[in-house]
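Novice: Next come the chains, spelled out residue by residue.
Number of protein chains: 2
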Amino acid sequence: MAAPSSNTCGLTERSIRERVPPLLTDLYQVTMAYAYWRTGRHQEPAVFELFFRNNPFGGGFTLFAGLQDCLLFLRSFRFTDEDVEFLRSVLPPATDPAFFQFLRGLDCSGVTLRAIPEGTVVFARVPLMEVAGPLAVVQLLETSLLCLVNYASLVCSNAARFRLAAGPKRKLLELGLRRAQGPDGGLTASRYTHIGGFDFTSNVQAGFQYGVPVAGTMAHSYVTSFTSLEEVLPKTLVAVNGDSTPVDIILLTKGWLSRVCELLGSQPGKIHEGELAAFLSYAIAYPQNFLPVIDSFSVGCSGLLNFCAVALALCELDYKPLGVRLDSGDLCRQSLEVRRVFRLCSEHFSVSAFDSLTIVGTNNITEQSMAELNEKENEIDVVGVGTHLVTCTQQPSLGCVYKLVEVRASPRMKISEDPEKSTVPGRKAVYRLIDAEGHAFLDLVCLVAEAPPEAGVSVSCYPLSCDTSCVSVIPAQVICLRQDMFTKGQVTQPLCNATETRAKVQSSLQTLHPRHKRLQEPDSYTVALSEKLHTLVTEIRKGSSNNSNFLLAN
Amino acid sequence: MAAPSSNTCGLTERSIRERVPPLLTDLYQVTMAYAYWRTGRHQEPAVFELFFRNNPFGGGFTLFAGLQDCLLFLRSFRFTDEDVEFLRSVLPPATDPAFFQFLRGLDCSGVTLRAIPEGTVVFARVPLMEVAGPLAVVQLLETSLLCLVNYASLVCSNAARFRLAAGPKRKLLELGLRRAQGPDGGLTASRYTHIGGFDFTSNVQAGFQYGVPVAGTMAHSYVTSFTSLEEVLPKTLVAVNGDSTPVDIILLTKGWLSRVCELLGSQPGKIHEGELAAFLSYAIAYPQNFLPVIDSFSVGCSGLLNFCAVALALCELDYKPLGVRLDSGDLCRQSLEVRRVFRLCSEHFSVSAFDSLTIVGTNNITEQSMAELNEKENEIDVVGVGTHLVTCTQQPSLGCVYKLVEVRASPRMKISEDPEKSTVPGRKAVYRLIDAEGHAFLDLVCLVAEAPPEAGVSVSCYPLSCDTSCVSVIPAQVICLRQDMFTKGQVTQPLCNATETRAKVQSSLQTLHPRHKRLQEPDSYTVALSEKLHTLVTEIRKGSSNNSNFLLAN
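The listed protein sequences derive, respectively, from chains F and P.
At position 419 of the first sequence the residue is numbered 406 (the working numbering), and the sequence of numbers has no breaks.
At position 284 of the second sequence the residue is numbered 271 (the working numbering), and the sequence of numbers has no breaks.
No lab work stands behind these hints: they were computed from the structure.
Values in this document were obtained by computation on a predicted structure and should not be read as measured data.
Keep in mind that the hints are not guaranteed to be accurate.
Where chains are identical, the list cannot tell them apart; a pair therefore holds if satisfied intra-copy or between any two copies.
Derived DSBU-like pairs (lysine-lysine); straight-line CA-CA distance at most 30 Å [claimed, not checked]:
(1) Lys408 with Lys363
(2) Lys529 with Lys241
(3) Lys257 with Lys529
(4) Lys519 with Lys363
(5) Lys307 with Lys158
(6) Lys158 with Lys241
(7) Lys222 with Lys401
(8) Lys241 with Lys401
(9) Lys529 with Lys363
(10) Lys401 with Lys257
(11) Lys401 with Lys158
(12) Lys408 with Lys158
(13) Lys408 with Lys257
(14) Lys519 with Lys257
(15) Lys529 with Lys401
(16) Lys363 with Lys158
The whole structure should be built from the sequences, with the hints applied where relevant.
Specialist: Okay, here's the thing in structure tokens:
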């Protein structure tokens, strides 16, 4: 059954300290913090940026997620005495004890975070978050922030792709908990796949903690645990309306089974009694939510017949059965046959409830098989996806990085021999340019001190894809992408629950032209540097900038 | 630096309830539990088995991990009032209120768990765990147990493969936290990759919580944050032995830099002053643990020269530098050049410390690049692996399943149209047969009531790979693979810490013949059913067994 959750406590700070203690970081963050402290630079104002270098899954877009957890993490960031004692045991014995006092007193009251809102469509190399504050502190935050953004954004983007592949009408159910990277991985997956466009999750805790609607009915083990109709208790059911005399539902069902077999020309001898017992006991427990899995033995020879018999008996008592689940074989082909039988029963026995039964399909669905399913004729209303959704089989990591761009108001740049690994220096502002049709067409990365681009005014910029040539564009509308999210130890924007962020995802995807949303070989979206930023990059690269730092003399 | 952790609290039950609350399960477990309860079958004794169908990564073996967390989960399994209230909001309104009282009183005091010890080499289709107890309870445990075993075993097996690919001498460092499936995924990865054969982790929390040795030194951001030698403070260092007068380490290093440039014929003009400042400040903070990353600009033109200069200055003051890290480009080629320069310095300046410097390599290492690295000439002593290790790129899920095999002492079997998805019925015992050379050669799955196979006595069995033909084998030794692990609410075996389980992994891998450990196209290991079990399967399949459950009459 699919029951929308009544709990919407997705905003609570529950267990963020438990999930992301400050020691959940790479040791080098701590060793660097000490070296900064030792040389007296730990309080220097520094700015880091978080971004990724390529859209995942060969796609044309990414969804930014994980921000809310980052904000809660910043708010709770503090080393306990126990943490500090452990660090003392790990760092070299000669480490100055005053450093540990410094660590004990640290928090994020000096940290400012500007970010693109969670659930926004974003692109490679656009800085999603800017983290500014004392050098040692913002360095210490790196690994945790990356960990919180990387998987959340990846799995949210994956869900959005499955959503696109499935088409708008089909409902999507996430059921990957057992295949995720452990318990918290599973919970994170359920939360962010819902945000990315899935309708339900099988994960009860995700319903409890984040208000994601939960769904689920029965496994094969329930079916195979029954062998005989003797095991069905109670054996009666009371009709919804009218007569309150308990009806022998077993007898009623057996009668319907005969008629169904006759209608379909099926052999009763191939029908599993245990399966019928399982369906009956389930229907007695859930007369208004009957949706069994019908492929434990054979859909055509047993499961479908047993379902129809029990469902017809329920209908006779004025209950409304929900449907069936198929969990193996060719889902499309089977769904057509199942629907044909439902229609036949509806006509032959005049039960209109059989016209609106739901067919759920679950069987190792990939993005590709989802897309194929959307193209082939079939009657599947709800698709359940597990492994390939939560583990992101196509590309199991996003590869976000966190790079230093400014220290003491002076821009910093990593010039790598691999040009893709070079960073863009300086503190920035990011604008999204919208065309006359309302489609986003270019993200412009500027220096923060520059005047923002204006609607209707031509702006020159340098697309990152081609390193030298300048282009001019005229936006119909300009959106400033990043907002202040955290300052002076406080979260400065209202936190959204999963439902709100989910709506944000869909509206943000709406602004993107379909050509960028094609799952295969999409047109790439343009990200460009402003002229001033491009000049700064060129100057630093030439070593001719004022920030030259070559050792010219010994 | 690499500091073995002083904390070995891997056995604590900390946060297992927080990590794996009883609601962290698929909704259908709860809906089935109610249906069992409603039909009065919830207390029936039932047995489930947990196993996987294929070794991961196309390999010949798997390592079983996650058991300890399963045991702690069983011990703490209990619904709170809040949990039950949430379930009440999700289940249909007509659900009998007495069911929620039943849930509130549930625990695992009636559950027995037999399992193969954690860290053992295991194979596809061998039941790793047998969970026996009241039907409704053991059904409710399914998702959580799968979630705890699936990723732990997968990433542990992946680590063991990287360990085999790397060869025995090289040290391995795990640094995947930022790319894992969220915080707990990262922590799980650090714990089980250590168990699988990695030596260190960068993850401090894994050191704190599980006693995994932690390691790490500096990132590129540390280097790029410096521009000038002016930023180095203090500018002096005191020699280890003898004279306590502070020495001007900057001056000393500049002198060494001149000599190094002269020795190598390098141009001082290409040396980054910021990088030198970063190295110097780091060396002053960690004079006994100096190991910088040397590729921020150019290894040959800047990083290596700066390292040698600082390290030679340290040596002059009787400190012992540790080595360097390479993080981009062709690691093998660069390591050879770096080693050549170290040897040259050692000879030319008579500093023996340069003979034992460590070279760490980290750059998007895959299993394949690790294997190539092991075949090519290189001088890398420590390899750091992140993304491909923790996300298991090659195959990001193991696919463990949990299947019902017995109810009320009667065997149960799922007969699927897909033969691989059929299950093996009945309660079992599992024996590992060892040959005269001490190598495991066959895992025998028997019915629990059968006499165990004996050393030196021929035993007939049916390998699972070929469905019909019988083979006879004579074991030199027989090991009973599974042990009682949990009964009457208590864990009945001593829990092992990560170090102990890590040793178990290596000794278990030792018993496996190398032909099964080949990373590509290994010989497959034989798993076989006993004659009696094979007969039972055949009977049930034919529908001719005593447990026939076809509906023969309406």
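Novice: All hints are to be evaluated individually against the structure, with a verdict given for each.
Specialist: Results of checking the hints against the structure:
no.	hint	in the structure
1	Lys408 with Lys363	between (43 Å within a copy, 26 Å between copies)
2	Lys529 with Lys241	between (85 Å within a copy, 25 Å between copies)
3	Lys257 with Lys529	between (80 Å within a copy, 12 Å between copies)
4	Lys519 with Lys363	neither (52 Å within a copy, 46 Å between copies)
5	Lys307 with Lys158	within (20 Å within a copy, 63 Å between copies)
6	Lys158 with Lys241	neither (33 Å within a copy, 68 Å between copies)
7	Lys222 with Lys401	between (74 Å within a copy, 26 Å between copies)
8	Lys241 with Lys401	between (75 Å within a copy, 24 Å between copies)
9	Lys529 with Lys363	neither (56 Å within a copy, 36 Å between copies)
10	Lys401 with Lys257	between (70 Å within a copy, 16 Å between copies)
11	Lys401 with Lys158	between (46 Å within a copy, 29 Å between copies)
12	Lys408 with Lys158	between (40 Å within a copy, 27 Å between copies)
13	Lys408 with Lys257	between (64 Å within a copy, 20 Å between copies)
14	Lys519 with Lys257	between (77 Å within a copy, 27 Å between copies)
15	Lys529 with Lys401	within (13 Å within a copy, 69 Å between copies)
16	Lys363 with Lys158	within (17 Å within a copy, 52 Å between copies)
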